[in-house]
Each structure stands twice: as C-alpha cells, then as structure tokens.
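J.: This is what each chain is made of:
There are 2 protein chains.
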Amino acid sequence: MKPKLIKTSKEMSEIRNRISSKIAFVPTMGSLHQGHLSLVDTAIEKAEVVIVSIYVNPTQFSIDEDLTEYPRDLDKDIKLLKEHQVDYVFFPDDEQMYPQGFKTWVDVEDITQILCGKTRPTHFRGVTTIVSKLLNIINPDLIFLGEKDFQQLAVIKQMVSDLNFQTEVIGCPIVREFDGLALSSRNKYLTAEGRKRALCLYKSLLLAQNLFRGGMVNSNKIISQMSNLIVNAACVIDYIEVFDPFSFEHLPELSPGCRIALAVIVDNTRLIDNIEIR
Amino acid sequence: MKPKLIKTSKEMSEIRNRISSKIAFVPTMGSLHQGHLSLVDTAIEKAEVVIVSIYVNPTQFSIDEDLTEYPRDLDKDIKLLKEHQVDYVFFPDDEQMYPQGFKTWVDVEDITQILCGKTRPTHFRGVTTIVSKLLNIINPDLIFLGEKDFQQLAVIKQMVSDLNFQTEVIGCPIVREFDGLALSSRNKYLTAEGRKRALCLYKSLLLAQNLFRGGMVNSNKIISQMSNLIVNAACVIDYIEVFDPFSFEHLPELSPGCRIALAVIVDNTRLIDNIEIR
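Top to bottom, those sequences are chains A and B. Sequential numbering of the first sequence, starting at 5, is according to my numbering. Sequential numbering of the second sequence, starting at 5, is according to my numbering.
Chain A with its partners taken away, still in its complex shape:
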C-alpha cells in the first residue's frame, strides 16, 4: 500500500537499486503544506516513481535557531502523501544521517555567503551536505525544489553541476495563500495579528514590481520604498536585495528577469519571499 515507509538509508538504497524506471525526489523537512504538495504533484507528472523525504536536518539550523520548535507532524504528512499517491516516504533519524564521528561537509562558496547566508553563515553548508547524502542514497533522475527558497535552489543547482550528480534539478513556482503570503512551515509560528502583518513581504515585492512598471529602475530607491512599507507593518528587515538570478550579483537597477528577494522578521519569525521582475 502506498506510500511505503522507509526509515534506514540501507533499505532506501536497496529499494532504489531495484527500480529501473524514472525516479523523482522531493526533499522536505515535513510539516507539509500546499507548496510541498505542488512539488509532489509535479513530480508525479514527470516520473514513474516518486520518493519524498521527511527529515528536519539539524545541520542547517544554527544554535540560536528554531530546530527544537520546528513543526513536526509525521502522521499528518504521511496521510497527505498517501492522498497524493507518493510511492515512498523516507524519514531517517539523526543517528542514520549523522552518526557519531561524522566529519564531512559539502560547501558551495560565494553564493552561500550573501542574502540568507549573511545572517545564517552555516545554513547552506547544512543544506548541501544533507542533499548530497540524500542524492547518494536515492540517486533520483529528478529532484524538485520550491522557488520560495530561491537561493537554496541556486545553491543546489550549483552543487549538482559542480559535483556531477546525475540528477536534474527542477525549480517550481512559489505557492501563496489567497492573500499572497508565501506558504511556509514557519507560518504556523505567527499569531493571527502577526499573520496579517506578514503580508508586508509580498506587498513590498508587488510594490517593487509596480514601481518598476511605473518607470522607476533605481534599486536603492525601490528598496527604500519597500523598507518603508515593511517598517510600517512593525516588521524587521533582515535584507532586501535586487540581483541577477544566475550570478547573484547585486544590480543597481531593476530590469526584466532580475530577482528581488527579502527576509523579514515578523515578531520572532523569520520569513522569506522573492519575485522575478517582469
């Protein structure tokens, strides 16, 4: 009966080796929402076999972050994945993934030290290390990642290319609530009142898009107006950046195809969002 539940990397790789058809993989930290499920649905369209991993990876959290509070609901996640016809759910524990004496890290330079990497300097090292491990265990033809974590998507694309993983990385569009808030497992941290103010992320991105369409191109001026909007919502800006979506270089002027990304702290919850300027 679907999905088959797998706890050990040994069992996962053995099962994988018996599959000769096309495999799609969706790595998650659980607490699944419609954003994850849209990845799953796309994966099901593109491949014969879909494997979802659920693992709250400790190495991508720093000591002062929300590892212990991070929302977990395995039973509900499995129920959702069953409804979406997923074939395998891999949910290893920390002893499986980081046994005593673990010493190896996969690190992407440069593009991991900007944007989210500035305040979370070891975050992407944790992400690339766990994704390397999962790719080696599962060896999928395709891996699906959401564009909400736009920098993460770029970092994993870089890693997969540099280290010659035989897997195609596919980014999928951000899924938003009815009012525009990007779906995130961390939205659960928000109070009803905070939830309203959290809309400032998306509103500020739309503002930038509208200012650009109105003829404004100067990044600093646009970021300044975005900042006002966010500060007026009593939220704290971590960063707002206009950049080239491939090189991640800062752009002094907006142009079609550039990205704007931001991280904002709403009460105690750090949220991220981004859009492509058109």
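Don't read these hints as lab results, they were simulated from the structure. Mixed in with the good hints there might be a few duds.
No copy labels: a pair is met if it fits in one copy or bridges any two.
Pairs of lysine-lysine residues, derived as DSS-like cross-links and limited to a Cα-Cα distance of at most 30 Å, are as follows [claimed, not checked]:
hint	residue 1	residue 2
1	80	50
2	107	26
3	200	122
4	50	14
5	83	50
6	26	80
7	207	26
8	161	107
Once you have looked at the hints, place chain B on chain A.
T.: Only chain B this time, still in chain A's reference frame:
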C-alpha cells in the same frame, strides 16, 4: 578494442548507465607504476568491468607544489592499461572537471589537518572533491586505493561513509621496489644518488618494527631513532607519526596494529611511506 578511451564526463556517465554488471574503479593521476597496476589487477579479479581514471587533479596541489612538473605520459599509461585488460580509461581535462564558476568543495574535517594535512592544508579537500565528482560520474560498486597514501585512504573511507556514496572502498597493500622503496610517481624526480638516500623512509620504518620487536614501545624514543637514520641520510623530515589506524589519534606507545607514517623530503622531492606494526 580495450580499453575504450573516454574524455567527457557526459560520455562516461552515459556508458556507465548502460552497464548493469559490477563495476570497479581505480582513480589515478597517471604516470602509472606497478603500484597502480596492482590495484588494476585486484579490480579485475573483483568486478566484471574495470574503469581507470587518469587525471592530474590541480586542486590537490598548492601553488608552491609540483603541478606543472608532475610526470605525465598518457600514451604509455594507456598501453599499460591495455596490457592489463582494463575496459575503460576516463581522462577528462581541467575544463571538464573545473569549469569556470566552479564553487563546490567536499571537505572532511579533523583527520585532514594532521600528518600530510599539516603542510598541505588544502590537499585533502582537493582529493575528496575530485573523488566525489568521479564517484558521481562513474557510480562504481568498488573503488580501489593504495595504502601508501594511508591517510588519503582513510579520508576517502570517511567521506564515502558520511555522504552515503553507494561504493565500497578497498585499500590495497603498498608495492615496493626490490630494495623496499615504496613505488610513487614522484620517484622519477630523484637523481641516482637521491634514489639511494630515499631508502631511508623504508629503512626507518623497518627500524621501528625491529625496535618494537626488541621490546621498545615508547613512540618518542622510536621516532628519535628513526629521525637519526633519516637525518644521517641527509634527508629532511616533514613528520613521523605513530597513530591509531582508525581514529588517527597519536599513540604514545606502539602496539600491534598501530601505524607509523612519515613524510620525508629527499633533495626537493617529498616522499611518504607507512607500515602497520606487527
């Protein structure tokens, strides 16, 4: 006709995907000697298909090292591999392996910063990165490495385990010249006179073994006598270390199963060797 010669990672991985039988892989930097060929012969015994890579990996050399002088003789290497019935020879170039914008490193902590890592701090990072790439391209069942580079063997075993590569790492015994000098591509750098003095590496290891058999166990005393032998041969010691072969912890006393490893500079050539104490 064997061996088939492959220049691009794309072709290599395509060929690999068409092979369903057991694959053994021997990574080399070329300039093949009997040490490499013993790995190849063991690989042929253990698997149906044998792939040898020849690639002088620039990222494991530091700026002041011998990258440009490192001996290269691809035609001779291919001739030898043909005689030994190798199936595929993969010899990518630098543009294949490190295209512009390359940013990703695989790093093993701790055991890469001692012994050879002290004077060659980025060496093992280069080794683990290129081996990760080759493992992803070739995805072999087995990889064969020589015990002369004992620390390298341990570092790669750690990496393969930590990152869940689906490959078994097999270490093979050191191959020595008639008089005991460990085979190394760098032996070609030695003058006839230096070649004689280079024997001090193996002689000092045998001395340690004999001192231990004679009842001496104190590591410092034994290292001191080894040092005298090497200095008397007008060679320069980089390090001599007595350590646990698994944890790489320094051992104050020799015991059966411990390793002694050393690096010695003969004229301008840095050579390494090691033995297991029995």
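J.: Out of the numbered hints, which ones does the structure contradict?
T.: Violated hint (a single one): 7; every other hint is consistent with the structure.
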